[in-house]
Amino acid sequence: MKLFTCVWKPVKQEPKALLFLCHCYAMESSITMNSAATRLAKTGFAFYGMDYEGHGKSEGLSGYISNFDDLVADIPEAARSGNPGHRGLNSE
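The sequence shown runs contiguously to residue 92 in UniProt numbering.
Bear in mind the hints are in silico, worked out from the structure with no lab data behind them. This one's a predicted model, so the numbers in the text were calculated from it and none came from an experiment. Please note: incorrect hints may appear among the correct ones.
Think about it this way: if two alpha-carbon atoms lie no more than 27 Å apart in a straight line, the pair counts; the simulated DSS-like pairs of lysine-lysine are [said to hold, decoys possible]:
#: 1; residue 1: Lys9; residue 2: Lys42
#: 2; residue 1: Lys2; residue 2: Lys57
#: 3; residue 1: Lys42; residue 2: Lys57
#: 4; residue 1: Lys12; residue 2: Lys42
#: 5; residue 1: Lys16; residue 2: Lys42
#: 6; residue 1: Lys57; residue 2: Lys9
Derived CB-CB ranges, DEER-like [claimed, not checked]:
#: 7; residue 1: Lys16; residue 2: Pro76; range: 18 to 28 Å
#: 8; residue 1: Asn67; residue 2: Gly44; range: 20 to 30 Å
#: 9; residue 1: Lys12; residue 2: Asp69; range: 34 to 44 Å
#: 10; residue 1: Pro76; residue 2: Cys24; range: 15 to 25 Å
#: 11; residue 1: Thr43; residue 2: Cys22; range: 15 to 25 Å
#: 12; residue 1: Glu59; residue 2: Leu21; range: 17 to 27 Å
#: 13; residue 1: Arg80; residue 2: Pro10; range: 12 to 22 Å
#: 14; residue 1: Ile75; residue 2: Glu14; range: 20 to 30 Å
#: 15; residue 1: Gln13; residue 2: Asn67; range: 39 to 49 Å
#: 16; residue 1: Met1; residue 2: Cys24; range: 16 to 26 Å
#: 17; residue 1: Asp70; residue 2: Thr32; range: 16 to 26 Å
Each residue gets a CB set at the ideal place from its N, CA and C atoms; glycine is no exception.
Could you build the full structure based on these sequences and the hints that come with them?
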């Protein structure tokens with residue numbers, strides 16, 4: 001299943017830190033993070049997020065989670081793969 005990931009990065013500076021947000025489920029998606037992510041990027045933080053299976057731009061039946069453990073298991077992988085340009089910063 002393909003999951004949508006997104007990133008907001010500071011312009012013309014290295015990020016102070018990496019932030020990875022996990023949204024709520026059912027009516028939430030990465031779109032609901034846009035305002036906060038944009039503000040944080042303007043203050044120097046790189047902000048990463050993902051849409052869970054069946055949410056936002058990710059594949060899957062809309063709003064349906066067959067196994068909550070699978071949803072939780074997707075998060076660390078998305079966080080690790082979401083910051084390829086910032087390997088020098090701690091992503092844990």
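Quick rundown of the hints versus the structure:
1. Lys9 - Lys42: holds, 8 Å
2. Lys2 - Lys57: holds, 9 Å
3. Lys42 - Lys57: Holds - the C-alpha atoms of Lys57 and Lys42 are around 24 Å apart, at most 27 Å.
4. Lys12 - Lys42: The given pair, whose Cα atoms are some 10 Å apart, holds under the 27 Å limit.
5. Lys16 - Lys42: Given that 27 Å is the threshold and the Cα spacing comes to 11 Å, the pair holds.
6. Lys57 - Lys9: Satisfied, since the Cα-Cα distance of roughly 20 Å is no more than 27 Å.
7. Lys16 - Pro76: 18 to 28 Å: Between Lys16 and Pro76, where Cβ atoms are some 22 Å apart, the hint holds.
8. Asn67 - Gly44: 20 to 30 Å: At 37 Å between Cβs, range violated.
9. Lys12 - Asp69: 34 to 44 Å: For Asp69 against Lys12, whose Cβ atoms are near 41 Å apart, the range 34 to 44 Å holds.
10. Pro76 - Cys24: 15 to 25 Å: Hint holds: Cβ distance 18 Å, inside 15 to 25 Å.
11. Thr43 - Cys22: 15 to 25 Å: Since the Cβ atoms of Thr43 and Cys22 sit about 21 Å apart, the hinted range of 15 to 25 Å holds.
12. Glu59 - Leu21: 17 to 27 Å: holds, 20 Å
13. Arg80 - Pro10: 12 to 22 Å: With a Cβ separation near 21 Å, Arg80 and Pro10 satisfy 12 to 22 Å, so the hint holds.
14. Ile75 - Glu14: 20 to 30 Å: Check passed, 25 Å falls within 20 to 30 Å.
15. Gln13 - Asn67: 39 to 49 Å: holds, 40 Å
16. Met1 - Cys24: 16 to 26 Å: holds, 20 Å
17. Asp70 - Thr32: 16 to 26 Å: holds, 22 Å
The structure fails to meet hint 8 from the earlier list, while all remaining hints are met.
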